[in-house]
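*Asks:* In case you want the letters, here they are:
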Amino acid sequence: MAPAGPRFGDAIFANVERVNAELFTLTYGAIVRQLLTDLEEVEEVNKQLDQMGYNIGIRLIDEFLAKSNVSRCVDFKETAEMIAKVGFKMFLGVSASVTNWDADGTCCGIVLEDNPLVDFVELPDTCQGLYYCNILSGVIRGALEMVSMKTEITWVRDMLRGDDAFELQVKLLKQVPEEYPYKDDE
Amino acid sequence: MMATTACFIIVSRNDIPIYEAEVGSAAKREDAAQLHQFILHAALDIVQDLAWTTSAMFLKAIDRFNDLVVSVYVTAGHTRLMLLHDSRNDDGIKSFFQEVHELYIKTLLNPIYLPGSRITSSHFDTKVRALARKYL
Chain A
9 MAPAGPRFGD AIFANVERVN AELFTLTYGA IVRQLLTDLE EVEEVNKQLD QMGYNIGIRL
69 IDEFLAKSNV SRCVDFKETA EMIAKVGFKM FLGVSASVTN WDADGTCCGI VLEDNPLVDF
129 VELPDTCQGL YYCNILSGVI RGALEMVSMK TEITWVRDML RGDDAFELQV KLLKQVPEEY
189 PYKDDE
Chain B
35 MMATTACFII VSRNDIPIYE AEVGSAAKRE DAAQLHQFIL HAALDIVQDL AWTTSAMFLK
95 AIDRFNDLVV SVYVTAGHTR LMLLHDSRND DGIKSFFQEV HELYIKTLLN PIYLPGSRIT
155 SSHFDTKVRA LARKYL
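Just so you know, the protein sequences line up as chains A and B, in that order. So for the first sequence, my numbering puts the first residue at 9; every next one is plus one. So for the second sequence, my numbering puts the first residue at 35; every next one is plus one.
Okay, chain A solo, but in the shape it has when bound (with noise of 0.2 Å):
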């Protein structure tokens, strides 16, 4: 198998189906246009788009592991990087990088210098409180949480909010170990 790293995810990102990256935009966008128009409340939108996340993450991590062919990961710091390098690579067309880790290895920042869904996005006043990439941080915890790891993600970082790039803090709540339906027995 190929090592993991920038290189592996490019190989990956060049066989995949593609698109317009102006339609993909825009299309997320108006998802986002939408559900302001819809609930009204800044709040609403961001549990709404995380949950979205979440439903594309649980079918996403089967996808990504057939194209992939990686093999399990033997602690968080590598599943970290394979989503940084690889994950976002294949499905975003960017790769991101891992920094600020935590003493004991539970708690990382994933940080995307660039990011596609938020090309022409300038928020108004009326939507400060809004994470307009809250899909993301769906995405990963429903992914994650199908390999057996509950986590919980929070943007540290966010350009449209006038920081410098887009940072999602990963923080590894705990890891469910796998459980059969059935008993021996039964």
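Hints are computed from structural coordinates only; laboratory data are not their basis. Think of the CB as a built atom: it goes at the ideal place given N, C-alpha and C, for glycine as much as any other residue. Fair warning: there could be bad hints in the mix.
So the derived list for chain B, only partly shown, Cβ under 8 Å to chain A, looks like this [stated by the list, open to error]:
| id | residue |
| --- | --- |
| 1 | L143 |
| 2 | N144 |
| 3 | I146 |
| 4 | G150 |
| 5 | R152 |
| 6 | T154 |
| 7 | H157 |
| 8 | T160 |
Based on these hints, arrange chain B on the given structure of chain A.
*Replies:* Chain B only, in chain A's frame:
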């Protein structure tokens, strides 16, 4: 060589002003600003007639009031960028319109902006004023 008087407005296709700026170097006077808006609004009828007679977007000096001239740039979506000016710098005005048009398109592409609503972005405002300083 900035123009002493210049008033710039953007009028949506539904004839609603969505952006206004006094960009001249002359001291601001409220009655002057109102006069400028009056002249520009009066010119809208002429724009309507002229816009369909030509394929050009830039319509220069379509109306005048004393020493003030109205130039207009009509986008494909029939949004009108209108400038009231007392300078005769046609090339500068054309470049100004073209660059503001680009800015306007960027604003339109912002999914959160509703087409035809007021442009409240301070970023847009700053950029327009900078362009006015550069070209007018």
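*Asks:* Each hint: holds or not?
*Replies:* Now the hints, each set against the structure:
Checking L143(B) against chain A: minimum C-beta separation of about 4 Å stays under 8 Å; hint holds. Annotation: interface hint on N144(B) holds; nearest CB of chain A at approximately 5 Å, less than 8 Å. The interface hint given for I146(B) is met, as the beta carbon of that residue sits about 6 Å from the closest beta carbon of chain A, less than 8 Å. Of the supplied interface hints, the one on G150(B) is violated, with its beta-carbon coming no nearer than about 14 Å to a beta-carbon of chain A, more than 8 Å.
For R152(B), the shortest C-beta to C-beta distance to chain A is roughly 10 Å, which exceeds 8 Å, and the interface hint is violated. The restraint placing T154(B) at the interface with chain A holds, with a minimum CB-CB distance near 6 Å, inside the 8 Å limit. The interface hint given for H157(B) holds, since its Cβ lies 6 Å from the closest Cβ of chain A, which is under the 8 Å cut-off. Interface restraint check: T160(B) against chain A, minimum CB-CB distance 12 Å, threshold 8 Å, status violated.
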